[in-house]
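Asks: First to last, the sequence lines map onto chains A and B. For the first sequence, counting from 1, position 31 maps to 31 in the numbering used here; every step adds exactly one. For the second sequence, counting from 1, position 46 maps to 1046 in the numbering used here; every step adds exactly one.
Note that these hints are calculated values from the structure, not bench results. Hints may contain errors.
[Unchecked claim] Subject to a maximum C-alpha distance of 16 Å in a straight line, what follows is the list of computed EDC-like cross-link-like pairs (lysine to aspartate or glutamate):
1) A:107 / B:1204
2) B:1002 / B:1095
3) B:1078 / B:1029
4) A:197 / B:1148
5) A:107 / B:1095
6) B:1002 / B:1093
7) A:38 / A:52
8) B:1111 / B:1020
9) B:1002 / B:1096
10) A:197 / B:1015
11) A:107 / B:1020
12) B:1111 / B:1231
13) B:1002 / B:1029
14) B:1002 / B:1023
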Amino acid sequence: MRRVATLYRTTVGKKVLMAVSGVVLFGFVFVHMLGNLKMLVPPDAAGHYAMDVYAEFLRSVGYPLVPHHGVLWLARLVLLAAVGVHIVSAVQLARLSRAARPRSHAKEQNLSLAYASRTMRWGGVILLLFIIYHILHFTTGQAHSSFVAGAVHQNYVSAFQNPVVFLVYLVAQTALCLHLYHGVWSFFQTLGLNHPKYNHLRRPFAAAFAVVVFVGFLTPPTLVLAGVVS
Amino acid sequence: MKLTLHVWRQSGPNDPGRHERYEADDVSEHMSFLEMLDVVNERLVGQGEEPIAFEHDCREGICGSCGMMINGVPHGPKTLTTACQLHMRSFRDGDEIWIDPWRATAFPVLKDLVVDRSGFDRIIASGGYISVRTGSAPDGNAIPVPKDNADAAFDAATCIGCGACVAACPNASAMLFTSAKVAHLAQVPQGQAERWDRVLAMVDRHDAEGFGNCTNHGACQTACPKGISIDYIAQLNRDLIRATLRARPVEAGRDA
């Protein structure tokens, strides 16, 4: 325990928490993106949308071993904890960094070319605001003009027929894409997952992951806006 | 060449400091950057003014003394080059050059461009050593070291402790320096005895000195005049995590 406390006290330990909570969130984002692709599946003979069937599955999975919504709430608690740990560590680390460099250099040049790495902190704030909006929009419905509880497919389509909503999601997904690119690469680096044989694959993997998530999330809304999915 | 310099002048640790403008009219492109400052200083001394204080020693790129921020880049515009090995042919006639000391809480400015880098010495003292038997020298090749490990350890050991990594880092982190020292000793057999205690102690000291945390930008490896890779930071992180997981109860090994 003493050594775990030592690890946590170090800046590296806080980064490890960032990485571990981050990987929980990568996993969630990826599965969420796969789930959203069900919007592209046409309704079955009985008129049920794949998205609604999937949503009902998420609500009832594990029943009767666990109550309805049991697994859903467990997942929500894990995600909430991961987001909490991620934000607390980020704030602590950002404050330490600020204290370490109270005055910047004259004509400071940017030696790290990655735009993504320089925008992690503000990008994170944008994502937090987006998550709050997103929950109010599709989970609780206050931010949705024609929300019908439980009708996931219908809510999705009616939301993205509005170009303004589409634009908000486009901005958020761009922020997510950049955040994931630097985050996935940082995950390998922070946990020391490096090896001369596959080091050159880490950045391409991070880029591919970020792009797959970006394209995966934005394909269904684009098709809704274009009128292909209704 | 004619150059305009904006040099950070600070008479002591408590002086707030300011940039001062100097015209350098008689600069040869064959001069090193430090020789250019020498010429400016000779004129200042001739005028009865205080010369610009900057640290220097070997002037051949191996001692690590001469670090300074030149136009916002540690050691100036040339990669893999210390300020003393930078020549004025890297600049153009009429250029304006801004010169700053390293800026970090852990590197307080002593005077003008000279900062106190003894924080690095304290990081080394906390664990950057190995315990060896004193007395007669051991036989040279008594302990075999795999070639890959020897090369990786040597690459890490080329760190000259100049502090460019700290200056380049947006968080003023000294992780590249610390990781080079940790990785250097972690990859050779002689460094194994203290390997796990070393990484814990050195990272602890790094943080206590007030250096920031690494956010994996990679600016340090771009700035490093010795081209030290941030792969060593990953190795430090891995060793620190392993050191934590390896924790054994004190009673281990005792007879039941």
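Asks: If a hint holds in the structure, say so; if it does not, say that too.
Replies: Hints, one by one, checked against the model:
With a CA separation close to 32 Å, the supplied pair residue 107 (chain A) and residue 1204 (chain B) exceeds the 16 Å bound. For the proposed pair residue 1002 (chain B) and residue 1095 (chain B), the alpha carbon gap of about 8 Å is at most 16 Å, so the pair holds. Distance hint between residue 1078 (chain B) and residue 1029 (chain B) is fulfilled; the C-alpha atoms sit about 15 Å from each other, no more than 16 Å. This hinted pair checks out: residue 197 (chain A) and residue 1148 (chain B) have alpha carbons roughly 13 Å apart, not beyond 16 Å.
In summary, the hint linking residue 107 (chain A) to residue 1095 (chain B) is supported, as the alpha carbons are separated by about 14 Å, within the 16 Å threshold. Between the alpha carbons of residue 1002 (chain B) and residue 1093 (chain B) the distance comes to roughly 5 Å, so the proposed pair stays at or under 16 Å and holds. Proximity of residue 38 (chain A) to residue 52 (chain A) is assessed by CA-CA distance (about 9 Å); at most 16 Å being required, the pair is judged to hold. Proposed proximity of residue 1111 (chain B) and residue 1020 (chain B) is supported: the alpha carbons are some 14 Å apart, at most 16 Å.
For the hint pairing residue 1002 (chain B) with residue 1096 (chain B), the CA-to-CA distance comes to about 9 Å; that is within 16 Å, so the pair holds. Pair hint residue 197 (chain A) plus residue 1015 (chain B) does not hold up; C-alpha atoms about 51 Å apart against a cutoff of 16 Å. With a C-alpha separation of about 15 Å, the suggested pair residue 107 (chain A) and residue 1020 (chain B) falls inside the 16 Å cut-off, and the hint holds. A threshold of 16 Å between alpha carbons decides the hint, and for residue 1111 (chain B) with residue 1231 (chain B) the separation of about 34 Å lies outside it, so the pair is violated.
A hinted pair counts as satisfied when its Cα atoms are at most 16 Å apart, and residue 1002 (chain B) with residue 1029 (chain B) qualifies at roughly 10 Å. A hinted pair counts as satisfied when its Cα atoms are at most 16 Å apart, and residue 1002 (chain B) with residue 1023 (chain B) qualifies at roughly 7 Å.
Hint check: violations occur at hints 1, 10, 12; the rest are consistent with the structure.
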